[in-house]
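Residue strings, one per chain:
Number of protein chains: 2
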Amino acid sequence: MGDREISKAVIKRLPRYYRYLGEILNNGVERISSGELSGKMQVTASQIRQDLNNFGGFGQQGYGYNVKFLYDEIGKILGVNRDHPMIIVGGGNFGHTLAKYDFKKSGFVTKAIFDVRPEMIGEYVGGIPVYMMSELESYLKKETVEIAVLTVPKNKVKEVADRLVKYGIKAFWNFAHLDLDVPDDVVVENVHLIDSLMQLSYRISDYEKKAE
Amino acid sequence: MGDREISKAVIKRLPRYYRYLGEILNNGVERISSGELSGKMQVTASQIRQDLNNFGGFGQQGYGYNVKFLYDEIGKILGVNRDHPMIIVGGGNFGHTLAKYDFKKSGFVTKAIFDVRPEMIGEYVGGIPVYMMSELESYLKKETVEIAVLTVPKNKVKEVADRLVKYGIKAFWNFAHLDLDVPDDVVVENVHLIDSLMQLSYRISDYEKKAE
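So the sequence lines, in the order shown, correspond to chains A and B. Each residue of the first sequence is one higher than the one before, starting from 2 at the first, in the numbering used here. Each residue of the second sequence is one higher than the one before, starting from 2 at the first, in the numbering used here.
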């Protein structure tokens with residue numbers, strides 16, 4: 002793969018490629034051209050070829066892509082060819098919903114939920130055990146956890162993230178509406194719902210302006 | 002504003018500017034330089050100047066930005082200077098959680114939840130009434146709704162989105178893990194959680210590779 006930086010736009014498209022190829026594979030399709038993939042994905046064929054060339058191509062002129070091979074290779078690039086153990090920190094509404102969500106089939110396995118409310122001791126949410134925040138350090142000493150999902154209130158995020166970094170967590174999936182300040186070797190993926198809604202309202206306003 | 006296309010990357014940063022300016026404003030700060038804003042936002046000062054120039058600047062050389070003015074102007078650009086009435090379609094776990102989320106303070110007001118399960122008739126979730134899908138058309142005839150939030154199962158999305166488009170909905174906030182196929186005058190903002198997790202695992206793998 003070399004040391005070239007892959008652009009964020011390409012990385013953003015990879016899960017979509019992976020999803021579409023998975024569907025096509027389920028339908029028993031063995032080969033697909035960039036043209037056919039383009040029709041399904043609303044991305045131009047040349048964009049697809051260019052994106053996949055970032056990772057060495059996989060295609061053969063006039064022959065198309067081997068769907069299974071391409072699916073597996075993109076899976077490896079995305080790192081979904083292995084399991085990613087996660088914990089959810091913050092067992093409120095959002096934490097509950099994420100605990101019940103089926104991320105497991107994509108290799109993201111939630112092992113535990115952490116909360117501060119004593120009434121949650123011994124509870125299970127979607128089959129996942131709830132522990133107290135006071136047990137966090139000892140838990141992380143004995144269990145392998147790769148990703149911490151943050152669904153704590155905004156005013157607790159900094160303190161919680163700092164503790165998790167101290168205990169060795171290197172990856173955060175952050176639902177708190179706040180940008181994390183973490184060391185350079187820690188990766189963060191934010192899901193900021195209000196930002197997403199604002200992008201939508203921008204596009205509504207923009208569309209209305211153009212239509213005037 | 003002209004007819005220039007603003008790049009997606011800029012639009013993506015605007016909610017963050019808005020958020021930071023809101024915090025600064027709350028702290029009683031009246032003026033800020035692009036340098037100070039840069040320090041807080043981990044975006045370079047020249048990037049900030051360039052981004053804001055897309056919308057006419059707002060700044061004055063050697064004087065900085067008027068925080069309140071900039072905040073209000075970005076709010077107008079984002080379209081958050083007015084309310085956006087929403088409905089949530091799909092009253093499952095995710096629909097429930099979104100109904101309880103405080104989007105209202107940003108102007109996104111959920112007016113109703115629609116579901117198919119008869120046992121939900123007459124229920125309220127987070128103070129918001131639940132209606133049956135069979136009431137959708139008549140509801141949309143008498144109520145103003147701008148955004149439909151889609152939290153229905155994947156195999157129902159197409160049918161539901163087609164109905165909503167037919168009834169005049171022009172904006173979707175889509176949580177179903179599927180790309181919508183809608184007319185050109187309809188805007189869609191996707192929140193694909195699995196795609197987001199895959200981007201995170203890509204970055205974990207990428208980081209590990211670089212560290213080798």
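By construction, these hints were calculated from the structure, which means they are not laboratory data. Among these hints, one or two may not hold up.
Identical copies carry no separate label here, and so any pair may be met within one copy or between two of them.
To be verified - Here are the simulated lysine-lysine pairs, DSS-like style, with alpha carbons at most 27 Å apart:
no. : residue 1 : residue 2
1   : K112      : K143
2   : K159      : K77
3   : K41       : K157
4   : K101      : K41
5   : K77       : K155
6   : K159      : K112
7   : K167      : K155
8   : K9        : K143
9   : K157      : K211
10  : K211      : K171
11  : K157      : K101
> At most 27 Å between C-alpha atoms: does K112 with K143 qualify within a copy, between copies, both, or neither?
Replying inline: within (13 Å within a copy, 47 Å between copies)
My question is about K77 and K155: at a cut-off of 27 Å on alpha-carbon distance, are they close within one copy, between copies, both, or neither?
Between copies, since 25 Å is at most 27 Å while 34 Å is not.
> What label fits K211 with K171 when the C-alpha limit is 27 Å: within, between, both, or neither?
Replying inline: The answer is between: 14 Å across copies meets 27 Å, while 44 Å in one copy does not.
| request: Please work out whether the CA atoms of K101 and K41 approach to 27 Å or closer within one copy, between two copies, in both situations, or in neither? | output: Neither, since 30 Å and 35 Å both go past 27 Å.
At most 27 Å between CA atoms: does that hold for K157 and K101 within a copy, between copies, both, or neither?
Both: 23 Å inside a chain and 19 Å across chains, each within 27 Å.
**Message:** Checking an output row: K157 and K211, CA cutoff 27 Å. Within, between, both or neither?
**Reply:** neither (42 Å within a copy, 32 Å between copies)
Between copies, within a copy, both or neither: which fits K9 and K143 at Cα up to 27 Å? neither (35 Å within a copy, 43 Å between copies)
Status of K157 relative to K41 across identical chains (alpha carbons, at most 27 Å): So K41 and K157 pass the 27 Å test across copies only (19 Å; inside, 43 Å).
Could you place K159 and K112 in one of the four classes (within, between, both, neither) given a Cα distance threshold of 27 Å? Answer is within: at 23 Å inside a copy they meet the 27 Å cutoff, but 33 Å across does not.
Could you place K167 and K155 in one of the four classes (within, between, both, neither) given a Cα distance threshold of 27 Å?
Within one copy, since 19 Å is at most 27 Å while 39 Å is not.
**Prompt:** Should K159 paired with K77 be assigned to within, between, both, or neither, using CA atoms and 27 Å as the limit?
**Reply:** neither (32 Å within a copy, 30 Å between copies)
Hints 2, 4, 8 and 9 from the list above are not met by this structure, while the remaining hints are.
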